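Visitor: Assemble the whole structure, with the sequences as input and the hints as a guide.
Under my numbering, read the sequence shown as residues 763 to 870, first letter to last.
Check each hint, because a few of them may be wrong.
Below, in silico cross-link-like pairs of lysine to any residue (SDA-like), each with a Cα-Cα straight-line distance of 25 Å or less [stated by the list, open to error]:
1. Lys767 x Cys795
2. Lys826 x Cys812
3. Lys826 x Leu837
4. Lys826 x Cys843
Just so you know, the hints here were simulated from the structure itself, not pulled from any lab data. All of these numbers come straight from a predicted model, not from anything done at the bench.
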Amino acid sequence: MLKRKPNLDQFAFDLSKDAALERMIEARVAIRCENDAIRWRFRLILIETCMIASLVLVAGLALKQPTALVIRGSLIVGAGCFASGVMLIGLSGLTGHLLSIYRRWRQR
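Guide: Given below as structure tokens:
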């Protein structure tokens with residue numbers, strides 16, 4: 763790998779000397795990434811819910827079933843998919859939290 767010479771007009775930003783600052787930056791980045799991950803999981807749950815509900819709706823209408831029954835079934839399937847997805851997000855968050863508590867307890 764080629765190393766570039768630093769520009770003399772540029773400020774040298776060396777975090778290796780200040781470990782507290784580096785830990786603080788890493789903690790902020792970790793929190794931000796965790797929040798983004800939860801947001802993306804929720805978006806995926808919404809997309810999957812809409813897709814499955816619309817597939818049930820289209821399949822019911824294509825099979826010439828009664829419209830009210832098809833819409834009701836589609837809403838029930840969508841609600842069930844959404845509820846199970848939110849429950850999975852909550853349980854995975856709870857499991858991660860419990861694992862971090864366990865790791866901190868083991869380090870003591």
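Visitor: For each hint, tell me whether it holds in the structure or not.
Guide: Here's how the hints hold up against the structure:
1. Lys767 x Cys795: Answer violated: Lys767 to Cys795 is near 32 Å, above 25 Å.
2. Lys826 x Cys812: holds (21 Å)
3. Lys826 x Leu837: holds (18 Å)
4. Lys826 x Cys843: holds (24 Å)
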